[in-house]
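Please arrange chains B, C and D on chain A, whose structure you already have, making use of the hints.
4 protein chains.
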Amino acid sequence: MSHNTFGHLFRVTTWGESHGPALGCVVDGCPPGLTFTLADIQSFLDKRKPGQSRFVTQRREADEVKVLSGVFPSGDGETYTTTGTPISLMIENTDQRSKDYGEIAQQYRPGHADFTYDAKYGIRDYRGGGRSSARETAARVAAGAVARLVIPGVKIRGALVQIGKHKINRSRFDWDQVDQNPFFCPDAETVPVWEAYLDEIRKAGSSVGAVVEVVAEGVPAGLGAPLYGKLDQDIASLLMSINAVKGVEIGNGFEAAEITGEENADEMRMGNDGAPLFLSNHAGGILGGISTGQPVIARFAVKPTSSILTPRQSIDASGHNVDVRTKGRHDPCVGIRAVPVGEAMLACAIADHYLRDRGQTGRLK
Amino acid sequence: MSHNTFGHLFRVTTWGESHGPALGCVVDGCPPGLTFTLADIQSFLDKRKPGQSRFVTQRREADEVKVLSGVFPSGDGETYTTTGTPISLMIENTDQRSKDYGEIAQQYRPGHADFTYDAKYGIRDYRGGGRSSARETAARVAAGAVARLVIPGVKIRGALVQIGKHKINRSRFDWDQVDQNPFFCPDAETVPVWEAYLDEIRKAGSSVGAVVEVVAEGVPAGLGAPLYGKLDQDIASLLMSINAVKGVEIGNGFEAAEITGEENADEMRMGNDGAPLFLSNHAGGILGGISTGQPVIARFAVKPTSSILTPRQSIDASGHNVDVRTKGRHDPCVGIRAVPVGEAMLACAIADHYLRDRGQTGRLK
Amino acid sequence: MSHNTFGHLFRVTTWGESHGPALGCVVDGCPPGLTFTLADIQSFLDKRKPGQSRFVTQRREADEVKVLSGVFPSGDGETYTTTGTPISLMIENTDQRSKDYGEIAQQYRPGHADFTYDAKYGIRDYRGGGRSSARETAARVAAGAVARLVIPGVKIRGALVQIGKHKINRSRFDWDQVDQNPFFCPDAETVPVWEAYLDEIRKAGSSVGAVVEVVAEGVPAGLGAPLYGKLDQDIASLLMSINAVKGVEIGNGFEAAEITGEENADEMRMGNDGAPLFLSNHAGGILGGISTGQPVIARFAVKPTSSILTPRQSIDASGHNVDVRTKGRHDPCVGIRAVPVGEAMLACAIADHYLRDRGQTGRLK
Amino acid sequence: MSHNTFGHLFRVTTWGESHGPALGCVVDGCPPGLTFTLADIQSFLDKRKPGQSRFVTQRREADEVKVLSGVFPSGDGETYTTTGTPISLMIENTDQRSKDYGEIAQQYRPGHADFTYDAKYGIRDYRGGGRSSARETAARVAAGAVARLVIPGVKIRGALVQIGKHKINRSRFDWDQVDQNPFFCPDAETVPVWEAYLDEIRKAGSSVGAVVEVVAEGVPAGLGAPLYGKLDQDIASLLMSINAVKGVEIGNGFEAAEITGEENADEMRMGNDGAPLFLSNHAGGILGGISTGQPVIARFAVKPTSSILTPRQSIDASGHNVDVRTKGRHDPCVGIRAVPVGEAMLACAIADHYLRDRGQTGRLK
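So the sequence lines, in the order shown, correspond to chains A, B, C and D. The opening residue of the first sequence carries number 1 in the UniProt record's numbering; numbering runs sequentially from there. The opening residue of the second sequence carries number 1 in the UniProt record's numbering; numbering runs sequentially from there. The opening residue of the third sequence carries number 1 in the UniProt record's numbering; numbering runs sequentially from there. The opening residue of the fourth sequence carries number 1 in the UniProt record's numbering; numbering runs sequentially from there.
Don't read these hints as lab results, they were simulated from the structure. Some hints could be false.
Said to hold, decoys possible - Mimicking DSSO-like on lysine-lysine, the simulated pairs with C-alpha atoms at most 30 angstroms apart in a straight line are:
no.: 1; chain 1: B; residue 1: Lys66; chain 2: C; residue 2: Lys49
no.: 2; chain 1: A; residue 1: Lys165; chain 2: B; residue 2: Lys66
no.: 3; chain 1: A; residue 1: Lys66; chain 2: D; residue 2: Lys66
no.: 4; chain 1: A; residue 1: Lys165; chain 2: B; residue 2: Lys165
no.: 5; chain 1: D; residue 1: Lys165; chain 2: C; residue 2: Lys165
What the hints assert, rightly or not - Some chain A residues flagged as far from chain C (calculated, every beta-carbon gap over 10 angstroms):
no.: 6; residue: His8
no.: 7; residue: Val67
no.: 8; residue: Pro73
no.: 9; residue: Ala188
no.: 10; residue: Glu200
no.: 11; residue: His320
no.: 12; residue: Gly359
no.: 13; residue: Gln360
Built from N, CA and C at the ideal position, the CB exists for glycine as well.
Here chain A stands alone, though its shape is the one from the complex (with noise of 0.2 angstroms):
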């Protein structure tokens, strides 16, 4: 009943447990003749790595991913090309400690799967959420990383824009910023209100949610596959699966149900290179499910971390009510790690349409 794959032509299938040997995925599609080293990959890892601040997880895990099959080793052993075969990458899992979570082995976490994993499978591999836990991200940003490899002239990036109620300003957005602290927040001024924020939240042993933008800029005009493979639908069902997100919006979204047909339309000229104009881009760049060449924007709501310290009322698999309080190692934010796990799932649905588009004849065109 699980179906752990995505895409159409640039196909990714995930697998691997929290507290497994192992995680991993197959990228099946990616085309010949793209070179790439293990940094490529492995720098993307890192940036959704645990334990990089106190307002992450600090569950440590080295996170070092192998590249199994797919590819061709140069010879010198440092570059690898691709081959057309399915690229097969897996991450060990290094840092488990399974006693953590017995106390909760019957348990069910208010907001969490618990309960509805053991409703559908009638088992469930508790240790750490197991499948259901943000730890199969990163075989998702693995997967963002070969995406891009397909695309590259298409640039991706991610920005935290609220936490709690604490918005970023959006007249200060400096992508410049968004490496510079903990937060991925592309606003320095809003960066102490967080640090401030989060820090309460994690001493209090609580949670809080958060939303994430993420922005592709470089895609042509035309990718998408109307009407059941809109561009923007694939984005948002890529989205909408990651662990905790609770909402998806395109360009501006649920903004766009306040304002009049002329406010919201996107008005052209032709520019002076000769090429269409967009004067704004409400449209996030897709209409009628097709990208318009204008810069892909999209935003997702991610909730608060259901695992906290504050006891709550719940009930477990015996039919008894009990009170939980999740111990273990967790994400204040989980937010925060959500960024490039975003950018990732951004990558794979544009590499998806590009392919599909441009075809894989072996070699890009």
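This is chains B, C and D only, laid out in the frame that chain A set:
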């Protein structure tokens, strides 16, 4: 490059343009032995039919559905029984005024798919928007009516909860009101507000966005195929595929970003009937991509119709600057007619997952 | 539980029963900008049309195809141009004599799908075989005609090479003969043999099997998606999906089991034109699941029609022993009419892989 | 451009090359709650393991399978229980002699995928055939072992029924013989014939083709998804996807072309137990694409290994004429080791359809 099918076991393929001879869908995977009358399907089509009030397009279509295959007629010719083979549903186009569109055949309406269809396909059926017309949603509604047969214990309803900046008052939400006004509005006191506002919009030749809420009650716990066939993921995908939709939420959606883990946790207790009881439903009935047994709740934002009377700057297919003003019979608030469409998409998503779990051995168990 | 779609990028969904109001298909993924006339499609349907000789069913259907969507009509109304949106093709059923089948409504014809459809679905459209009727292949042929538009450089032809134990003489194989006789026979001297034999079969109310060969010339090297979308795999799948087919071969097929590696090797030399030259084609144009550039050659075995006049032992739906004798207008050798169907399936498989490799960016490159 | 996944609900993705660090598969959609030991999987891998007799490749691989995900270990660490999440199986490559292949890195072996992989991808892992190596079938066999868990009531067996022109004597077919000789031969008297013949082939550095028969007993009536997910269609597709397979038959296969409807009809009677009884099985257990409840019988032809010692004319990647002679450790009759692979493919096809019909609600019903 199109991809006009959705669903994994309950599969729907739609076809047809606004101004061709007909449009329709093929519903594949419907279990055998389900009995229905034409009226069972027609009633849902009548809900989205144009021309029913001054707040929707004045185009008048009978929208009469025909069943071409997949059924065995009863002796009296009144009822059909599904045979398990593909059900072909067709709706003939009867009120096409192609000449209304002649002027914009070469122009790109800002905010419309005109530009992107040309960018992708190099040819475009400009008559009424062709395939990108909201008219295609008639086929979705017909498919949704069949989906409801598959999940008879599930009650699916929709309502409009926001037009422009005017939201309903949640404390007055009353499903019984929804059919009492031309807006599918669940709050009687909001009706006159919307009426006055939309009259103004309509007279100005303008348009405005809206938010639709759809709810499924009676969904059994355990539906959903994590990780990449999550129930919320598939719902998000299908809602985002509806024309003009720019955002999708499940449960408390973007509000989840603003609150803490304590606030967001849907606590549980064993009910007096020995069944698990949730004390709240921030999750919108889905945890970890799997249904909880609570009502499944989704919302989606519909942007304002891009066809407006006010001239907007744009370009034409030859690369000249033009001012576009769209005549024709358009919806001042296309979100209204999106209500039955959203219901249909939710029904299809749930029916698909129902069959994935229950299988299709012939008769539903 | 049905699954009436095939193809990955060139996707065909068929629908319809033998005795419903109509049958048809939706061809999805056809690139835009291809021009055709109704006659381009109709000519292939006419090849498989019943009633053309005494050796096929005497059922008479006009089998006139209608194009309901996916095209833009030319000014003169004679030609259509594809728009990249789904092409809906419909053929109305006009000569249904349901009463012919009344007697076997409750009986299971040995060798027919009657028993299994009842076993699976618990309900069955017994009129003319319903969905399991060879009549469904009309939709395949229509789809195949569209597939040919996608691969204009590829020439696809079929011939009957065996009826019962009577095989053609390979040394006399002449494509020009195929249209000169009612059997699609490429060997003029075999025609009278088959004629005499089939007259005998027909008069006895019996039926007999046949072998069809289909060939695609001009297929570029490099088509096929190993490992599980191999070109030969997809051809085998589609040929096996044709009613009554029990075996499929590529190239020398089962003969390959009998020979040595030396004999089977298709040796190569560089041709005078600087292109690789194969000295033989045991492989049938496919190695490792990928086309070699040589003609793609496939054969399939069609079993004898199960509807025969001779009584056979069987049971009925109530579990009683009965003797079944099928009246009605059946094909003494359904393999004859399978020739254009096999061609269509080969065309669809190649078109699908052509698009996978070339992509669907709008206009074919 | 690869497509390395098969199955609709029971989905298998394979990855890996002959000479990379490892190969494996991800089995997705396996129901939860199934218990197995490593030996349950290993035993099938051992059947196809190289180096077991002088009639197969002398390459020696331990072929030890590891289970990386999708299971919950028992307390004693001996048994695993499936959790419904994807099962990742890995086999490390341990006996790689890449230098054996250096000479043919730039040459195209006639009858091998060398030429087509280069034609398609422009790059090729020439070491041991890379992805086109029969070594990939180890992953299939591992997946097949999991498939058998899903359908415990179904008994799947295979046998070699023909090597070169030497066929078994059907009247002596005895399943008990199959494991008594290195050929999976069901006819004791044929064993010495094959032995002498293959010794001759082996000493000549030649190779020869074969025919494999696979049978599934205990398949319930009603499996299959007509029209384009017919059970026989899916079996044909998977058998044809095995390396070197050139033909596939169901039931009496090509023989069906030679006989009359009377001869081919599988007559029925009600059995003494009140169940339908077939008096013969020409259909091979499938009618109209749906299982009848009789044994499902398929055969496939395997061509001779293309890697032979006898020099053959060919070309190299630079376009020069060369004579190719393949050293290395190859199978004189690769059809022998195809027996467990064919069994695995049949198991996967049936498991997939079993789940489509029964669903995946957690525990198998």
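Hints breached by this structure: Per hint list: 2, 6, 12, 13 violated.
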